[in-house]
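Under my numbering, the first residue of the sequence shown is numbered 1, with each subsequent residue one higher.
Possibly wrong hints are sitting among the right ones.
Straight-line distance between alpha carbons at most 27 Å, and here's what the computed DSS-like set of lysine-lysine pairs gives [said to hold, decoys possible]:
#, residue 1, residue 2
1, K1010, K1074
2, K742, K1074
3, K414, K390
4, K989, K745
5, K662, K989
6, K742, K612
7, K1074, K922
8, K1010, K989
9, K637, K922
To be clear, the hints were calculated from the coordinates, so they are not data collected in a lab. Owing to the predicted nature of the structure, the values given are computational and were not obtained by experimental measurement.
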Amino acid sequence: MSQPGVPASGGAPTGLQVQNGSTSALGSLYTNGPVQNALMSSQVSVSQGYNSQLPGPYPHLIPAKSSLNPVSGQDNYGGSQTVSTLNNYQGPGQTLNRPPMASNPVIPSLHSGPVPRMSPPASQIPAAIPAATPMPSGSLLPGANLPPPLNWQYNYPSTGSQTNCLHASSQSTVSGNTNLTTNHQHVSSGDPSLQNSYLKSGSASPLVNPPLPTTFQPGTPLGPPPVKGPPPVRALTPQKSSHTAVLQPSFNSALNQEGGTSNTSNEPMVVHNSYDEIEGGGFLATPQLTNKNPKVGGSVGYSYPSLPPGYQNTPPPSTTGMLPSSLNYPSGPPAFTQTPLGANHLTASMHGLSLHPEGLRVINLLQERNMLPTTPLQPPVPNLHEDIQKLNCNPELFRCTLTSIPQTQALLNKAKLPLGLLLHPFKDLVQLPVVTSSTIVRCRSCRTYINPFVSFLDQRRWKCNLCYRINDVPEEFMYNPLTRVYGEPHRRPEVQNATIEFMAPSEYMLRPPQPPVYFFVFDVSHNAVETGYLNLVCQSLLDNLDLLPGNTRTKIGFVTFDSTIHFYSLQEGLSQPQMLIVSDIEDVFIPMPENLLVNLNESKELVQDLLKTLPQMFTKTLETQSALGPALQAAFKLMSPTGGRISVFQTQLPNLGVGALKPREEPNQRSSAKEIHLTPSTDFYKKLALDCSGQQVAVDLFLLSGQYSDLASLGCISRYSAGSVYYYPSYHQQHNPVQVQKLQKELHRYLTRKIGFEAVMRIRCTKGLSIHTFHGNFFVRSTDLLSLPNVNPDAGYAVQMSVEENLTDTQLVSFQSALLYTSSKGERRIRVHTLCLPVVSTLNEVFLGADVQAISGLLANMAVDRCVTASLSDARDALVNAVIDTLSAYRSLVLSNQQPGLMVPFSLRLFPLFVLALLKQKSFQTGTNARLDERIFAMCQVKNQPLVYFMLTTHPNLYRIDSLSDEGALNINDRTIPQPPILQLSVEKLSRDGAFLMDAGSVMMLWIGKNCGHNFLSHVVGVQNYASIPQTMTDLPELDTPESARTIAFISWLREQRPFFPILYIIRDESPVKANFLQNMVEDRTESALSYYEFLLHIQQQVNK
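Can you build the whole structure from these sequences, using the hints too?
And the structure:
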């Protein structure tokens, strides 16, 4: 009899698996993940230097490598999959569980709507082949409406009579942390020579091998390998920053997390035709596990020199204004030596913490409220040996809520803090080492990519830092193309860089890399034509046509719709584009499909003609209806043979055909936490998104609407297909010029930024840790493989974790994310990030390493899920309880003497402030001033924004800028950027004789006091007196004065650091926007929310109960 989480006898199944997703034509099933919207990005830099010779026409039929047998699955459209019996929390961050497999497979059909599904061959659905893992239980099926508790027990097993907890249990079997065999354990402490101590200790060990001088000159050909050495390995090639990511399998799972079965016998391995295997699933590549405790005498260590300049990417042209991180996280890190190990190192505890005197401070927040630093808050630096910290992953890409990992789940439970990771995996980078070697070295057991934190036992063997297996060093890896020396595997770039990109060989492909395909779907109803958006979008496309990421294979197509669907034939040879109208929206068919999606280079003139004439074609239309659903079905049919990106522009509530929606917003009930409609009213858009995901199609939604458009339902099309949502409320070409400017800037970024196609991502972690819930825009396939039909540099992701097995035998844990994708140039690439953190055994050390921004970001993701599955008031209660529980635990378990006041560790001094900011954020605020679509969009951004942008939206930065000076200024590319101090968000900090700039992420507001000095008004604003400031001013003039130059330089620098375009409002005392400015004063009282001091008093009252 099978049990939950245990495969049926006879081994793991080899077929397809489903999790709350839709079946494809093959019967393959998909799991879907939480919602997220990406409105952010950094500068793009398209990879160059690779001209892959790929077949010109995209092959439509490629024989499948092997036949697959579907396995049973259950459909679940609840959003998030929940794992634990301890836990009633079920939200769109997916928590996954494996129940028993059914003996007779039944493949449910999730197809909806009249349009028949196209049935492409298996080879056309590369990432659509899920892992052979059992289905999650239907805990989120409609009707399963258990009242969730009110605060978070962060996925920990319950330890007592805790009430009002938001659980995300640790019983999930999603993670690949279960033992493959009973004898495969951590390295025992009996053999200290096998363990590396990277914790700071009293004296740092000397470098074992001094770093080699890096004499490599860019452009100099690499010398041949030694005569009797191994065959030459292709050297690294200098690249422009092009982001590659690689999937990583979880390790040691009894049921292979990526679709392959773990094989602990000597029988031959089963190979499956799926991305699970090409990324390298958790299955063993060799039948036997090696002994975990091999006898190796002596201590070993190697130094890792930095990567020569020739292998660093040059900065993209538009990232010049970006501030380098003030922490030492270079992309090409300096030398690091694995220190010799001995008993003293093994027993050394966190005495290095004395190096952080600030961190040990206990603060009474009621007496020291003003703890906000005057410079941007930096993430805490993990308490690691400085040599390994230099190699660690940049926290902008990969950070953990706790930089000191608790040794046991019980210790984590006591701290009442969430354990999770926040990722920005495809971020545009100024420097990115790209490896073109034909050998990608990975652990044979857990499939981890070799990284700076592995141990070399000798030249021929390395020990995995995730599962501790000892692996052989491949012969090709012995030659270092940088130093042209044989026998130095520890000096290769793969072992020197925590972030690295591989050019993937053919075994990482299920089909030839797809061409870049861009398809645009335009609403041309009367309402849409009234807004005038079509003029701007078509002009922007014309301006950026040559900048679309791609190559000679790039394809493009267009569809417009109102009550009918209009296709455009762009066949080469036509004198002008031909419009083909399909009025039967109940059963959409594709007329002349071969002429609707055309090669951009071959049909560029026709495309340009269409974009020039399209805005005028519908100016006289009286058609008010909107058949969005059928238009999306048509786009999906056209795109499914290849995959690609659909960009949809919609201006109203769809009201015709499948996917038609009805108004649900009632303005008088906006503040009612239980009555607002945060859930989709139909599953049509989610089902279609899952179909899209199966065919490698992502859908991006641009909503330009002044009226309620049910973004809760429409957003599903992007959420589950790994797309993005952009929202421009009340967009109008004449009446709202600010939104026009914003759309123009963001559309340029959207069209020209880097893009990855047919991607999958996996996160692995050290044995003993478990990942159970994912947050972001994607679809979860095979329990832990994230399906990303498109990946963009502006999307963030989050995961929740738990400690499944005690970490008592190790001092370090590592996390690795791998993203496997196809670049716009047709290359298959892998981008890998690896993060290393120390393990601690005391509660004080756990609190000391808390990252308050990451904790706030993860809590916000959990709160969005709670809003959807329970109610807004439940989510708000849970956020407050998170602070109360943590500070209660600190007071009762860490503080030796109970002092009056609200005592907090220094690391959490801003925790109450950030949670109060969350309660006042548009996603979670109460009051009638938030439109429902605006609230939903804010929730989408919580799920999809990288942490740094999310925090700016939640807790804006306030600066006084009427007296900027060059003191402490930055000098970037001959520009002087003033650095005024950050002020607290309270009207106490404002004065009528000054000017104050609030940077709230997507918007900036410059409030000018009535008595502001004439010097600022005339030299910066360009007016003679206060009364002359225009009511609707949204730009500062560029005046020939030093004050104007400083102010504009500062605002431009702030804008350059984010991918989206923040509007600037200049505000007078009587301006209507002033209310928004004051609403962001987080520390002040509002109609429906406490002031910061009142909130602290409430927290103190609860903590001291």
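Evaluation of the provided hints:
no. : hint           : result
1   : K1010 to K1074 : holds (13 Å)
2   : K742 to K1074  : holds (20 Å)
3   : K414 to K390   : violated (31 Å)
4   : K989 to K745   : violated (32 Å)
5   : K662 to K989   : violated (46 Å)
6   : K742 to K612   : holds (22 Å)
7   : K1074 to K922  : holds (17 Å)
8   : K1010 to K989  : holds (15 Å)
9   : K637 to K922   : violated (37 Å)
This entry does not satisfy hints 3, 4, 5 and 9, going by the numbered hints stated previously.
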